[in-house]
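2 protein chains.
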Amino acid sequence: MNRIITISRQFGSGGREIGRRVAQELSLAYYDQEIVNELSERTDYAKEYLQEIDQIDPLPLMPINIAQSFAQTIDPISEMNHDIFQRQSDLIQELAQRSDCVIVGRAADYLLRDKPYLFRLFIVASDDFKIKRCIEKGEVNEARNLKQLQRDIKKVDKRRARFYEFYTHQTWGDPVNYDLVINTSRLGIRRAVDLVKQIVENRQLPTESE
Amino acid sequence: MNRIITISRQFGSGGREIGRRVAQELSLAYYDQEIVNELSERTDYAKEYLQEIDQIDPLPLMPINIAQSFAQTIDPISEMNHDIFQRQSDLIQELAQRSDCVIVGRAADYLLRDKPYLFRLFIVASDDFKIKRCIEKGEVNEARNLKQLQRDIKKVDKRRARFYEFYTHQTWGDPVNYDLVINTSRLGIRRAVDLVKQIVENRQLPTESE
Numbered sequence: 002m003n004r005i006i007t008i009s010r011q012f013g014s015g016g017r018e019i020g021r022r023v024a025q026e027l028s029l030a031y032y033d034q035e036i037v038n039e040l041s042e043r044t045d046y047a048k049e050y051l052q053e054i055d056q057i058d059p060l061p062l063m064p065i066n067i068a069q070s071f072a073q074t075i076d077p078i079s080e081m082n083h084d085i086f087q088r089q090s091d092l093i094q095e096l097a098q099r100s101d102c103v104i105v106g107r108a109a110d111y112l113l114r115d116k117p118y119l120f121r122l123f124i125v126a127s128d129d130f131k132i133k134r135c136i137e138k139g140e141v142n143e144a145r146n147l148k149q150l151q152r153d154i155k156k157v158d159k160r161r162a163r164f165y166e167f168y169t170h171q172t173w174g175d176p177v178n179y180d181l182v183i184n185t186s187r188l189g190i191r192r193a194v195d196l197v198k199q200i201v202e203n204r205q206l207p208t209e210s211e
Numbered sequence: 002m003n004r005i006i007t008i009s010r011q012f013g014s015g016g017r018e019i020g021r022r023v024a025q026e027l028s029l030a031y032y033d034q035e036i037v038n039e040l041s042e043r044t045d046y047a048k049e050y051l052q053e054i055d056q057i058d059p060l061p062l063m064p065i066n067i068a069q070s071f072a073q074t075i076d077p078i079s080e081m082n083h084d085i086f087q088r089q090s091d092l093i094q095e096l097a098q099r100s101d102c103v104i105v106g107r108a109a110d111y112l113l114r115d116k117p118y119l120f121r122l123f124i125v126a127s128d129d130f131k132i133k134r135c136i137e138k139g140e141v142n143e144a145r146n147l148k149q150l151q152r153d154i155k156k157v158d159k160r161r162a163r164f165y166e167f168y169t170h171q172t173w174g175d176p177v178n179y180d181l182v183i184n185t186s187r188l189g190i191r192r193a194v195d196l197v198k199q200i201v202e203n204r205q206l207p208t209e210s211e
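Chains as they are written, first to last, in this note's numbering: chain A, 2 to 211; chain B, 2 to 211.
Simulated from the structure, these hints should not be mistaken for laboratory data. Be aware that a few hints might be false.
Identical chains blur together in the list; that is why a pair holds if it fits in one copy or across any two.
[Claimed, not checked] Derived SDA-like pairs (lysine to any residue); straight-line CA-CA distance at most 20 Å:
no.	residue 1	residue 2
1	K159	D175
2	K48	Q171
3	K156	Q199
4	K156	D175
5	K133	V177
6	K155	V177
7	K116	S127
8	K148	L40
9	K159	E39
10	K116	A144
11	K155	T172
12	K159	G174
13	K198	Y46
Only a predicted model underlies this, so the values are computations on that prediction, with no experimental measurement involved.
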């Protein structure tokens, strides 16, 4: 029974870093960019496009329910995105079979919802924390000023939310869809890593029964 | 520097029980019904009314922003509720000064936001878990059938959300307003208690700096 940890996160909250560190410190497989690489080898899609897939609005300017029925029948770009999502989903299922692992983003929490040991994390942080972190990582530069960064933080999350809602019919970031939501601006990344490790190490299995 | 743990929770999620157990096992003061008792001794308000105060819609059928300006000037019931909220807030500040403690509900997370050691929890659970728990506690009976319980679960949370939003201008249950959100239908109440205890015992202070 593989231990599978899925990490969803607000842009800039440090979710990816938490995932990377947990995987490293517990010697679990880690899948993020790796999924893009593998997909691009298996398909004809450009890596750059695959990279951004969960930030591409499935069908902008349409209510989700209309977009859903529309997407797979008429619009060629949506059809392509749908195909990518399908292949990515198959790959995620395959990886989850292979070994213990950490998977970042890509609605993996939903795709793997029937797995017996699944730990679904959502990582949030205050705006100040996210901006400070992005600045430290050099994401404010000649190509992007502070105001643009603030806009981007909102934009990326909005798109992730629409992507998630489109494919899962669930609300992105609604705590009920996850097992634990950590606010890194309060607990800090190191403590978040330790908290997650402790639960995974002790095999404190998420369970519906008490 | 007192350790203050505030617990906000969805109705039926086991939040109150988590609070009670953490307080008991760590020998912290616990404030829930105690606040009602104390308030009713200090004021002329009936205990029964004080009990339900965070489930009374500040001003029903009005957008929050209109209700806010309207409430304190015209409507006598709103004026009374506002007075209760004020006295309750003062009492909560007083209790937080007194010793380490656990406080359930009452927007305490917001009221005490400037305290140096504050751990703000929000507890959620799946509908199935909440219903099962309520049934086990005998909350389905001659006076209330299952359908009514399901309605009540939604209704209580909706009112708590409006109460919270009215007084704090924040969204009730939005993970960014808390430090940790625990899904008890997945982690179970016992594990939730242990998780919280561990953070409090190690004085893993919530902090804005990493």
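Within, between, both or neither: K133, V177 at alpha-carbon 20 Å: Between copies only: 16 Å across chains, 29 Å inside a chain, cut-off 20 Å.
Up to 20 Å CA-CA - G174 versus K159, copy category: Classified as both; 11 Å inside a copy, 19 Å across copies.
Intra- versus inter-subunit Cα pairing at 20 Å for K156 with Q199: neither (33 Å within a copy, 36 Å between copies)
Intra- versus inter-copy proximity for D175 and K156 (alpha-carbon distance at most 20 Å): both (18 Å within a copy, 18 Å between copies)
Intra- versus inter-subunit Cα pairing at 20 Å for K155 with T172: Cα proximity of K155 and T172: in one copy and across copies (16 Å, 17 Å).
Intra/inter-copy verdict for K116 and S127 if alpha-carbon distance must be at most 20 Å: between (32 Å within a copy, 17 Å between copies)
Homo-oligomer pair classification [V177, K155; C-alpha up to 20 Å]: Classified as between; 14 Å across copies, 22 Å inside a copy.
Intra- versus inter-copy proximity for Y46 and K198 (alpha-carbon distance at most 20 Å): neither (35 Å within a copy, 49 Å between copies)
Up to 20 Å CA-CA - Q171 versus K48, copy category: This pair counts as neither: shortest intra-copy Cα distance 28 Å, inter-copy 40 Å.
Homomeric proximity label, K159 with E39: Cα distance no greater than 20 Å: For K159 and E39, the Cα distance exceeds 20 Å both inside one copy (26 Å) and across copies (45 Å).
Intra- versus inter-copy proximity for L40 and K148 (alpha-carbon distance at most 20 Å): neither (34 Å within a copy, 47 Å between copies)
20 Å Cα threshold - placement of A144 relative to K116: The answer is neither: 43 Å in one copy and 40 Å across copies each exceed 20 Å.
In summary, the numbered hints that this structure violates are 2, 3, 8, 9, 10 and 13.
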